[in-house]
Amino acid sequence: MPSTVKMTVNGKSVSGQVEGRTLLVQFLRETLSLTGTHVGCDTSQCGACVVHVDGRSVKSCTMLAVQAEGAAVATIEGLAPAGGDLHPMQAAFREHHGLQCGFCTPGMVMSAVDLAKRNKSPSEQEVREWLEGNICRCTGYHNIVKAVMAGARAMATGKGGDDD
Amino acid sequence: MTDTGIGAPVRRREDYRFLTGKGTYTDDINRPHQTHAYILRSPHAHAEIKGIKTDKAKKAPGVVAIFTGADMAADGVGGLPCGWLVHSKDGSPMVEPPHPPLVPDRVRHVGDQVAVVIAESLDQAREAAESIEVDYKPLPAIINTAQAAKSGSPQVWDQAKSNTCYDWHIGDKAATDAAFAGAAHVTKLDLINNRLVANAIEPRAAIGDYDTGTGHYTLYTTSQNPHVIRLLMGAFVLKLPEHKLRVVAPDVGGGFGSKIYHYAEEAIVTWASKKIGRPIKWTADRSEAFMSDAQGRDHVTHCELAMDKDGKFLGLRASTTANLGAYLSTFSTCVPTYLHGTLLAGVYTTPAIYCEVRAVFTNTVPVDAYRGAGRPEATYLLERIVDKAADEMKIDPAELRRKNFIPKDAFPYQTPVALQYDTGNYQATLDQALKMSDYAGFKARREEAKKRGMLRGIGIASYIEACGIAPSNVAGALGARAGLYEAAQVRVHPTGSISVFTGSHSHGQGHETSFAQVVSDRLGVPIENIDIVHGDTAKVLFGMGTYGSRSIAVGGTAIMKALDKVIAKGKKIAAHMLEAAEADIEFKDGKFQVAGTDKSKAFGEVAFAAYVPHHYPLDKVEPGMDETAFYDPLNFTFPSGTYVCEVEIDPDTGITRIVNFVAADDFGKIINPMIVEGQVHGGLVQGIGQALLESCIYDDKSGQLLTGSYTDYCMPRADDVPSFKVETSKEATPCTHNPLGVKGCGEAGAIGAPPAVINAIVDALSERGVTHIEMPATPERVWRAIHGTVARAAE
Ligand code: FES
Ligand code: FES
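Chains as they are written, first to last, in our numbering: chain A, 1 to 164; chain B, 1 to 795.
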């Protein structure tokens, strides 16, 4: 039975018809056309789908759309103003070549922003462990790790935008 | 060097859209009135299809149509073609079985396509598929590579006796036998190159969109080479002329080879879109990707190296069985042969080499090129046996390599296995890597580790690869059914901005940046004024695509050739504008200048004149500035280098930790060092993944895929791998036969890393009597190897 779900996405209130089984990622991609959030697996392993729900990073393929009722959801599209300057974490990924094909990137960046909020200056090891749930097949992680460390520092020094 | 020219670490221009979620991957595209396809796949590794009943499913909610192999056959749809014809030793052509997009009569691997359900939503299509009744009669399956050709094994194809596709060889057998007869020492090694799954994080997807008004077909697909798909699908499968078929490969989320090939789903959605008169979207989920994307490697090899008493290599023999899976994927047949056997000289002067390869069919997903393709298999074999020989001869592995390197003054160097290396300096990268890794200090580190109860080992691999694929005449003589040139078009717009159209698709490699650097450098035009266009057969004139580290060497050179034509035309126009002789015009720093004077016209002024030809040599040259070039390479390019890996193993758990990894690569000239390093990092982790973590495993009896998801197939994660020290050679040897001097860098890491890691592990375990360990060297395997010969024998 379809039902109506309401939430805030990137600061705007949205609503839509969903099935009970509709995943949050499907709602974002198909109903809201926010295709920046990607799907890379069907076992909740890859992290391409990471978004923020009420300020915490969540794999949006592991959550039903109805479970996000009333929540504040942030996706990669909301991190920087459309067409405007990049968020410091995004800028760090660009500066340190932390992306190649770009497919894992939205999930990586959203995960990294959550880490940076909890830990202002994560060590290499802390970054590697935090990103354990985000698979990248292109970069070998080397530059992602550098980017996340630099992005976290940039966020801590006040240049960090508030995405949620 | 300008800050956006050749050699500058320009930040990537494609990143903004990817970082802001504005990339457009195939699954992000939706067409008006679109339907969704679900492919019903075989649950059996091998079975006869006695019947398919779709009546009930057709009545399910939302279903638009259901098609089977019989429907496609009735429409005259052909099979997916193989692009490379290999001949056996006896001159007979390979066995080439049919490969229909939907299988009508007999399934040959788990995941084989049986029917397509098209519905208003994907959920409806998937649900309807559950009520399709397929009457399967299961047949015995053959999975194991080494067993496939043995008598009594189940037969995948009736026409392929002993499951053999071909039995190929290369090299001089008699000379090699003679070399072995005179050898002081022969080292022997049996090894397996484990089967891998490419696992680009974007799953494959395809949208077929037939325009009932114009009769044009459009296919959006996750491809590394849209023109190749148009050619193969148009000419062989659906029999559609090129002008009626557009193939778009938009942003593609990684490929690593697996998105080169023409896949059944592309043909199915394109064909069925006309049948139903609506667009059809298909997107693989990861489980489907595991059972339908072409897989990689899967070789079983015996090799032998003959040496004189000082360790000088006299001869090499290799005998390989290569698993091709159930069908011949597009380039599958050239991988174990022309991309593998020809690489067995490596970086060494071995005078006599003989290699034989038997390619076998099995009831597994087709195997084709995966990052490196044949060259990792060759390099693994060679660099493992060289290390084993060093151990047996009691010579330091670095020394043994140095002793046998092709000297830097011996180029061009003709190997005994067909290739001619244009240039190289293997000593330089070895020395550099040894220094970077403090090879000399290793003994002390090993002693220190020992005090902590850890086993420490160091491993070297010196690789070479043949890239920049490939001279068409050579490839053609060896069986390629296509040319392997590249095409480019440089369109200068009236106000001087530039669109460059290239057949080299970019799916992570950063062409939109590095190709623009080449153009900016050559024309002196700011990089912001240059756009690189790729991935759409309606925009780009032609192209053979991206694989075999060929983009900059072949695609980049095609762009250079087109730029030459633009400059030549510009000189004619400028000569007229400046009232000088054409021969006196030189082009430098973005200006056409009369030599020896200060009279000049800026590039933009000349471009404008070409489009507003009021004062223009119309009798000598046409208006406009839009030039195309096709470039067919004169030779392969030969990147090379040395990797050193250092590991620590906990003997109690068998866990291997990479404590240091250095890479010194000779890629010739570098366009963008930041991108090059990134390519190496990515390749290294895929290579380390093969060595330590990844393996695609089927149940030997049932043929069920046991590693069918990320839960079972162990992908390298951030905390599995180290950071790297990556440098390019301080004595780099530019390629001698392309104008950029470039060699390509995309596959190197995946080629050099596996033997470096395994050599390090074997070195660490050597004190426990271990002389070889198979990949992936999982903690269990390592633990068993440590804990005695009994466990080893039982493996
Ligand atoms: S798509 Fe959500 S974890 Fe892979
Ligand atoms: S950049 Fe391609 S998967 Fe991470």
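Some hints could be false.
Unchecked claim - Label-pair restraints from in silico Cβ distances: (1) B:D105 with A:G20: 38 to 44 Å; (2) A:S3 with B:P651: 43 to 49 Å; (3) B:D589 with A:K120: 56 to 62 Å; (4) A:K120 with B:K443: 39 to 45 Å; (5) B:T653 with A:Q125: 36 to 42 Å; (6) B:V533 with A:Q125: 54 to 60 Å.
Said to hold, decoys possible - Derived pair list, reagent style DMTMM-like, types lysine to aspartate or glutamate, alpha-carbon separation capped at 25 Å: (7) A:K12 with B:D28; (8) B:K59 with A:E19; (9) A:K6 with B:D28; (10) A:K146 with B:D719; (11) B:K569 with B:D650.
These are computed hints drawn from the structure, not numbers from a lab.
All C-beta atoms in this analysis are idealised placements derived from N, C-alpha and C, irrespective of residue type, glycine included.
**OP:** Could you work out which earlier hints the structure fails to respect and list their numbers in ascending sequence?
**Re:** 2, 3, 5, 6, 11
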